[in-house]
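Visitor: Here are the chains, one letter per residue:
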Amino acid sequence: MKKSIKLLRLEGCGGCFQKLLNHPRLSEISEHFDIHHSESSNGHDYLFIEGGIINGEQEKMFKEMSGKSKSIVLFGSCAKNPAQILKMKEARPASTMKEEEYSLVGCSPSYEEITGLFSKIILEKKDEAINTPVCDDCQKKEINCLMLKGIECQGAKTSGNCEILCPKISKECTGCRTSLGER
Amino acid sequence: MMQSSKHSGIGIKFEITSPAIEIKKRNHYFEKALVGVKAVEAHEVTSRIDFSTSFTNTLASQQAIEDAFGIEVSKQTKLIRELMIRSEIIHSHMIQVYTRILPSLDEENYLAYIRKHEKEYKKANEAIQKAERLLLVLGKRFPHQINSVVGGILVIPSEDEKKEMIKLLKDVISQLTGTIPSLLKKQQYSLDLIDNYSSLWELESTPYLYGKIKVKDEEAKDARQYYLERKKDYPFVGPISRMNNNKKLLSTSAEKLIKKIGIKFPITNPYSFPLVIAIEAIHCAERNIESLQSTHFEHETRPIFSPKKSVGHSCVESAKGTIYHEYDIDDKGEIINARILSDVEQNEEMIKKSVTKLPFDPDKKTRKQLMQEIEYLLEMFYI
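Going line by line, the protein sequences match chains A and B. In terms of the numbering used here, the first sequence is numbered consecutively and its last residue is 805. In terms of the numbering used here, the second sequence is numbered consecutively and its last residue is 392.
One chain only, chain B, in its complex shape (with noise of 0.2 Å):
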């Protein structure tokens, strides 16, 4: 038996003659946070389920309780969301790139990677932090944002914001790039594993706040219906899953990089994973140029709303993939019941599905490297 603390709270355990996978659910702990606490309130619990993920979390709760209390944000509102989604997304994306994939199988482990790879290192690690620097733009904290609440968002980007905003997103547009060669050679496996998936789907658009839910070839499906509908054998949802749903909405240079890497779809390989991600935060950054470029922010008042009981809910998309929120409130505006289903439980099945399915002999490699090959495995789930 072997037991890794390194992945996300998800204790994994493991025994490598009969690989048996069981992943924790952590989700109903802040299911049982959350009563008892003012719905308005609700995002500091969510927020803190797991970093990568926190301002999608925040802007789920914040949803599901404008959804409760029929509260209709504005239009900017909604856009500055979108810019603070995918600038989750980038980020998050960035981060797995640069700190957990290409060290991977590389080297003893991080530090050794780092002084290894030093001017590498450096230049990603400056991305990284300009990645940070929009997130703290936009949410004026970080992690943890602080701007957006039920209602509206308390502050607007200023000019100089919105131009220092599009400068940093061309410079990760610019760092992205030019690693897809480093994660080409990352290819590991090829497994067709993944048959069925799922994500927010919309006509015109590659939406990550709204939309309806559309699962492979399927008539797309209002997404509290679906939830309510299905309890179990969740498809896999995340950034490959988005990716096969929306391929003809994707960004200018996205679509260029599909080509000529020459990306087949539907993409049925969870090792293609790394290029998908480098891929969609390319698309991410230039959706919030293009948004940046094309919006005069003006300061708005926040409609104001009063609790009351009500069941509200949210689909929203993270880095890691869709993730649903639920909450009953009580006439004091309290929540008194929560139902949070996550990325990472959806895929539960598809994680051990493909931890069985590693094509190698386990009788010709040491503990260590087998270690390796499952937690990089891992690292294609965002685990």
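For reference, chain A alone in the conformation it holds in the complex (with noise of 0.2 Å):
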């Protein structure tokens, strides 16, 4: 039986929902799940949730659904970090209401990420914090360290498995990945 999905969008640019819905994939990802993200007042298995609750109605929003969903996920790096990503201190992550059960960094994920999320769920794996920094990614593909270089960098604390599209036109690392090692 295909678990049930709803996508819960809070204070966010929508890009993570955008990629989910423009996934190569989502067909076969069709198969496995019922994705939704109108009006429903069913209960879901997952309740995918993009952006921070900045406000009353977004936490009223959020409680209403978490209610009738069994598990949380927390899909894109606002998510797990709004306050950090949207530069918003008034942001905070839907977990600090409901703990999530999975959560997906990135900004936005790619869709290699976004599958391994789906994987996860249906092999019923355990969720994993990232436990390497960018810094090992720009190691791996020889991308010369901008912090020897004398630029403020976030790469050393920032959650690894990243395409390192920054450093490789020299740019810094801005964190967008969320910090290492949190769950």
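Honestly, the hints are just simulated from the structure, not real lab data. All of these numbers come straight from a predicted model, not from anything done at the bench. Keep in mind that a hint or two might mislead.
Claimed, not checked - Derived lysine-lysine pairs resembling BS3-like cross-links, with alpha carbons at most 27 Å apart:
1. K341(B) with K711(A)
2. K377(B) with K690(A)
3. K132(B) with K149(B)
4. K682(A) with K171(B)
5. K341(B) with K771(A)
6. K149(B) with K709(A)
7. K682(A) with K377(B)
8. K171(B) with K793(A)
9. K131(B) with K624(A)
10. K125(B) with K793(A)
11. K709(A) with K172(B)
12. K361(B) with K625(A)
13. K742(A) with K84(B)
14. K793(A) with K149(B)
15. K377(B) with K692(A)
16. K377(B) with K793(A)
17. K709(A) with K47(B)
18. K84(B) with K790(A)
19. K790(A) with K125(B)
20. K131(B) with K625(A)
21. K682(A) with K128(B)
22. K779(A) with K149(B)
23. K790(A) with K149(B)
24. K763(A) with K171(B)
25. K685(A) with K41(B)
26. K41(B) with K771(A)
27. K87(B) with K793(A)
28. K149(B) with K762(A)
29. K790(A) with K171(B)
30. K779(A) with K47(B)
31. K341(B) with K709(A)
32. K47(B) with K711(A)
33. K685(A) with K84(B)
34. K625(A) with K128(B)
Said to hold, decoys possible - Below, a sample of chain B positions facing chain A; criterion: calculated Cβ distance under 10 Å:
35. D59
36. T108
37. Q138
Said to hold, decoys possible - If you want a taste of the chain B side facing chain A, the calculated C-beta under 8 Å gives, among others:
38. N118
39. L120
40. R150
Just so it is clear, CB atoms sit at the ideal spot from N, CA and C, and this is done for glycine as well.
Once you've looked at the hints, go ahead and assemble the two chains, each given alone in its own frame, into the complex.
Guide: As structure tokens, then:
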């Protein structure tokens, strides 16, 4: 039987959910999941969250929908750490109200990472924090270290498995994959 | 009361018996978030206002800072930024057509739609990936590009990338042209509502990055002066407004399509939106091809500048409509105040008016049908 997923967009740019809806393998994903993003009063297995909570109305919406869902999934870096990504001090992740079962960082996550998340859910694998920094990704791709050139780069404290698009063009990492080791 | 959480961070509540729409203004959160941020990093914040206008908001921020600090960017920088903005318009319009408009009123939900129209969906998805690739080549990251910075561009397109982009653009034109018949079938009601409209305007081009503001048949005004004077009752902005103002300056294929379909100007019906965005995307693709074919990119040094106490503004056209940014900056180069006027905010009154004028009898429709019709109408405003 298919698992049901409800998409709830809080405060964020909408790019992560759009990435999901544009996924080249969405047809295959939909063989295992029913995905809803319009008004639905039914309960769901998973509540996917994009973005953070910045006002009472969003808090109320999240409370109502998470109450009808078995698990929550933080989808994208904004959901994981909205204050850091949006630079909004008042923004907080939905996980302050209900602990997430899975989280996927990235701004936005790649198609491969999204596939990986669904595969984990299907196989019922536990979620694990990324414990390698962006620096490891730079080293693997033999990109010269920007910090050693005196450039302020957040790679050392940012979750890795990154495509390092920024360092590739000598631009410093700004931490869009959120801090290392946070689950 | 019903509530839709689907639409781009805007909560919409309405009562069926007496429609009253409340459109929340998100910008004030981003204006607050900009305070204390280094001006040269403002785009890191504004890029995340809305993913479908991410590149545009980035460029709006950077241009406002360049205006504030008196930085003159090169012709090549302007050209590459125009390529970026037109590519984002292509991508956003395609997303709107293939993932919102075509599935609406057709099937129960998006997944049901793609299962029913598997072959067409696959082709459309491949074309969206191509549009995404354009943004990745130009911006070096998608969404939230990193290649344009205050003062210029970090990495110019290589010759191979130029050829790749031209091929991608031609494929996108072909896909969109093939979709026009399906969009013609989606034409819903005839609502003669858009009686006042505005957009960026220039005498000899269709501007997205610079220009004056033209309101319908009035004389074009300086953009900053226009926004300082006009605090409310904004004319309608967006692709329909741009096409009304710039109808004589469209690309060859766009012009041919307009003649073939028999579009009459000025366009006043919001339900013309699907055709307009498909044609505008084709126009943008052709302009990008012309630009790429006629330009040889060369490495440039970006101008050196120092932050100073100043005020800067910029006015750009995003996929959704005209956006205005203005920042007050202190002598340390940090933002002390920001004002952002978004596209959707300017269209608030038109959106409310359109919903109240929906020509259906609520008593003859189910709640679900009503919701679908209203949601489809909101798609016409890029919400």
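Visitor: Against this structure, judge whether each hint is valid.
Guide: How the hints compare with the structure:
no. : hint                 : in the structure
1   : K341(B) with K711(A) : holds, 22 Å
2   : K377(B) with K690(A) : holds, 21 Å
3   : K132(B) with K149(B) : holds, 25 Å
4   : K682(A) with K171(B) : violated, 49 Å
5   : K341(B) with K771(A) : holds, 24 Å
6   : K149(B) with K709(A) : holds, 22 Å
7   : K682(A) with K377(B) : holds, 24 Å
8   : K171(B) with K793(A) : holds, 22 Å
9   : K131(B) with K624(A) : holds, 22 Å
10  : K125(B) with K793(A) : violated, 44 Å
11  : K709(A) with K172(B) : violated, 38 Å
12  : K361(B) with K625(A) : violated, 37 Å
13  : K742(A) with K84(B)  : violated, 49 Å
14  : K793(A) with K149(B) : holds, 11 Å
15  : K377(B) with K692(A) : holds, 26 Å
16  : K377(B) with K793(A) : violated, 49 Å
17  : K709(A) with K47(B)  : holds, 12 Å
18  : K84(B) with K790(A)  : holds, 25 Å
19  : K790(A) with K125(B) : violated, 41 Å
20  : K131(B) with K625(A) : holds, 24 Å
21  : K682(A) with K128(B) : violated, 40 Å
22  : K779(A) with K149(B) : holds, 22 Å
23  : K790(A) with K149(B) : holds, 9 Å
24  : K763(A) with K171(B) : holds, 25 Å
25  : K685(A) with K41(B)  : holds, 26 Å
26  : K41(B) with K771(A)  : violated, 33 Å
27  : K87(B) with K793(A)  : holds, 21 Å
28  : K149(B) with K762(A) : holds, 20 Å
29  : K790(A) with K171(B) : holds, 19 Å
30  : K779(A) with K47(B)  : holds, 21 Å
31  : K341(B) with K709(A) : holds, 19 Å
32  : K47(B) with K711(A)  : holds, 16 Å
33  : K685(A) with K84(B)  : violated, 52 Å
34  : K625(A) with K128(B) : holds, 25 Å
35  : D59                  : holds, 6 Å
36  : T108                 : holds, 5 Å
37  : Q138                 : holds, 6 Å
38  : N118                 : holds, 7 Å
39  : L120                 : holds, 5 Å
40  : R150                 : holds, 4 Å
Of the numbered hints given earlier, the model fails hints 4, 10, 11, 12, 13, 16, 19, 21, 26 and 33; all others are met.
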